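Please build the complex by placing chain B on the supplied structure of chain A, with the hints as guidance.
These protein sequence lines map, in sequence, to chains A and B. The first sequence: position 78 = 78 (my numbering), numbered continuously. The second sequence: position 150 = 150 (my numbering), numbered continuously.
It is worth saying that the hints were derived from the structure and are not from the lab. Worth double-checking, as some hints may not be accurate.
[Said to hold, decoys possible] If you only want the chain B side, here are some residues facing chain A, beta carbon under 10 Å, derived:
| no. | residue |
| --- | --- |
| 1 | L37 |
| 2 | Q102 |
| 3 | L154 |
| 4 | A171 |
[Claimed, not checked] Listed next, with one range per pair, are the computed distances between beta-carbon atoms:
| no. | chain 1 | residue 1 | chain 2 | residue 2 | range |
| --- | --- | --- | --- | --- | --- |
| 5 | A | D19 | B | A259 | 46 to 56 Å |
| 6 | B | E168 | A | F2 | 48 to 58 Å |
| 7 | B | A259 | A | G101 | 35 to 45 Å |
| 8 | A | D138 | B | Y279 | 21 to 31 Å |
| 9 | A | G257 | B | T18 | 39 to 49 Å |
| 10 | A | A281 | B | E168 | 57 to 67 Å |
| 11 | B | D270 | A | P132 | 35 to 45 Å |
| 12 | B | G47 | A | Q208 | 36 to 46 Å |
| 13 | A | E34 | B | D270 | 33 to 43 Å |
| 14 | B | R100 | A | G139 | 39 to 49 Å |
| 15 | A | E34 | B | E174 | 55 to 65 Å |
| 16 | A | D19 | B | G280 | 42 to 52 Å |
Please read all numbers here as calculations on a predicted model, not as lab measurements. Backbone N, C-alpha and C define an ideal beta-carbon position, used for all residues, glycine too.
Number of protein chains: 2
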Amino acid sequence: MFDDHLRDTATRVQALLTDLLQPAAQIGEVARPERLLAAMRHAVLNGGKRLRPFLVVESAWLFGGDKDAALRVGAALECLHCYSLVHDDLPAMDDDDLRRGQPTVHIAFDEATAILAGDSLLTFAFEIIAAPQTPLADGARTALVLALARAAGLGGMAGGQALDLAAEKQAPDEAGIVTLQAMKTGALLRFACEAGPVIAGAAEGDRQTLRQFGELIGRAFQLADDLLDLTADAATMGKATGKDAGRGKGTLVGLKGQAWAEAELDRLVDAAVELLAPYGARAETLIGAARFVANRKN
Amino acid sequence: MFDDHLRDTATRVQALLTDLLQPAAQIGEVARPERLLAAMRHAVLNGGKRLRPFLVVESAWLFGGDKDAALRVGAALECLHCYSLVHDDLPAMDDDDLRRGQPTVHIAFDEATAILAGDSLLTFAFEIIAAPQTPLADGARTALVLALARAAGLGGMAGGQALDLAAEKQAPDEAGIVTLQAMKTGALLRFACEAGPVIAGAAEGDRQTLRQFGELIGRAFQLADDLLDLTADAATMGKATGKDAGRGKGTLVGLKGQAWAEAELDRLVDAAVELLAPYGARAETLIGAARFVANRKN
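Isolated chain A (complex conformation) (with noise of 0.2 Å):
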């Protein structure tokens, strides 16, 4: 049934990002850079899961917001999502070669490209939802704009990579991983459950509540992402494992223990429920949402 909604939206999301991003798409310009828009397919058109996109439709679901602005904010998302990948694996960043077991863009292509492929993502997912085609009130577009831009910048992922790379020079203690990983994968997730509401006019107390809810999920991801790092072989991950102990980054499964871990998580689902529990049945895919992050195996 999750899995279901899951798969469904994944499918939409891809249908649009394949539209957003075809060749033949009218950019505002005579000449196309035609390389540069086949990296920013490689990167996004790449059969992902699509979690964040579809944390942005059921949060804008559970307050009657418009499916179509959620799925065109989720797309956005993505592709900002798709940007950072892609420069994270650049060569002077983690320097990895294959993601989902496909080349990296930087080596499919090369790393200029790449660099500006990720540029180009970044920018685009500003434009997705400025954009009339997306129908948001204004209001709500700007709330939009900002949030995106804070989740994703100095104070946001972007901070947190450069906060991780740091790491790898001197380990934080608890309180840095917390707030390293809050940044660096909290922040989108904690926006991808906001924007649902912002996007829908909800109240500002639903805002907050959907907020604190990314927060859980976004604690969960990481703790399951570092359990599996621990655990799972290359072959089901599809990329380099056992890379982030081996580097000396500090992880909180690595400080505090399997068992804590594996507890915690339990913790944190539990607390997702119950701020939920108002919604009643209509949050059911939600927590699932919250269920399926802590338990994926990839």
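Below, chain B alone, put in the same frame as chain A:
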């Protein structure tokens, strides 16, 4: 008189950018990626002429736009311009060690930090425009986000940079050069001139006129740049081909000669003057900007 105006705006832009990027600035999270912020400051607080913010400020003034809003949109545009310089300077791109006599960001810091600093400056540009501190009507705010994203992305600056990389392998013809330059350097200058009427809520016709003015400025800027590249290298290296030509990049100056380029510059300035004639004496400073761009010596 014009120089005073330009210097005056540069001083105010520098003060605002210093404030926006101050180390103590609250960025919404506990941890502070200080090194990343330092790299952003290195990229932005470099004593540039701030031509793009100047064009925003003057084009807004022409239509009675809010001065503070114009200055902040100008600062956002400068952050975006500086992001493009940081990424262009990377080893995988133009591989430049020096900019304005200072080490480039990847030299002063490291390559990973330079990539993230560029990413964060690009993101910060959208944050500044979307932030409530920038006094804009919601409609104008959305229009600016959309126009800036289009000027910066696949169909604008980043796309132009991709075409420029391709031009090193296969020299484009005249039409190809014109398109490449309209995207790579023209798009942000067009945005700068168009932003003023948008900030002021001026009529669509005024927006179109200022966009055309920006188009002319952009072409003049690039021609002046190519002429400088030619003469600067000729002086130091005793040969008639500059750095771009030496790399196999086509320029209009290389294709059509120095005499043509100098006449074309005059023609572009005349066209700019004529375009703004209906605005009378109020447009004097913007016309001064067109002359400045055409005649600049560095």
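Here is what the structure says about each hint:
no., hint, in the structure
1, L37, "holds, 6 Å"
2, Q102, "violated, 20 Å"
3, L154, "holds, 5 Å"
4, A171, "violated, 14 Å"
5, A/D19 <-> B/A259: 46 to 56 Å, "holds, 49 Å"
6, B/E168 <-> A/F2: 48 to 58 Å, "holds, 50 Å"
7, B/A259 <-> A/G101: 35 to 45 Å, "violated, 58 Å"
8, A/D138 <-> B/Y279: 21 to 31 Å, "holds, 29 Å"
9, A/G257 <-> B/T18: 39 to 49 Å, "holds, 46 Å"
10, A/A281 <-> B/E168: 57 to 67 Å, "holds, 60 Å"
11, B/D270 <-> A/P132: 35 to 45 Å, "holds, 36 Å"
12, B/G47 <-> A/Q208: 36 to 46 Å, "holds, 43 Å"
13, A/E34 <-> B/D270: 33 to 43 Å, "holds, 37 Å"
14, B/R100 <-> A/G139: 39 to 49 Å, "holds, 41 Å"
15, A/E34 <-> B/E174: 55 to 65 Å, "violated, 20 Å"
16, A/D19 <-> B/G280: 42 to 52 Å, "holds, 47 Å"
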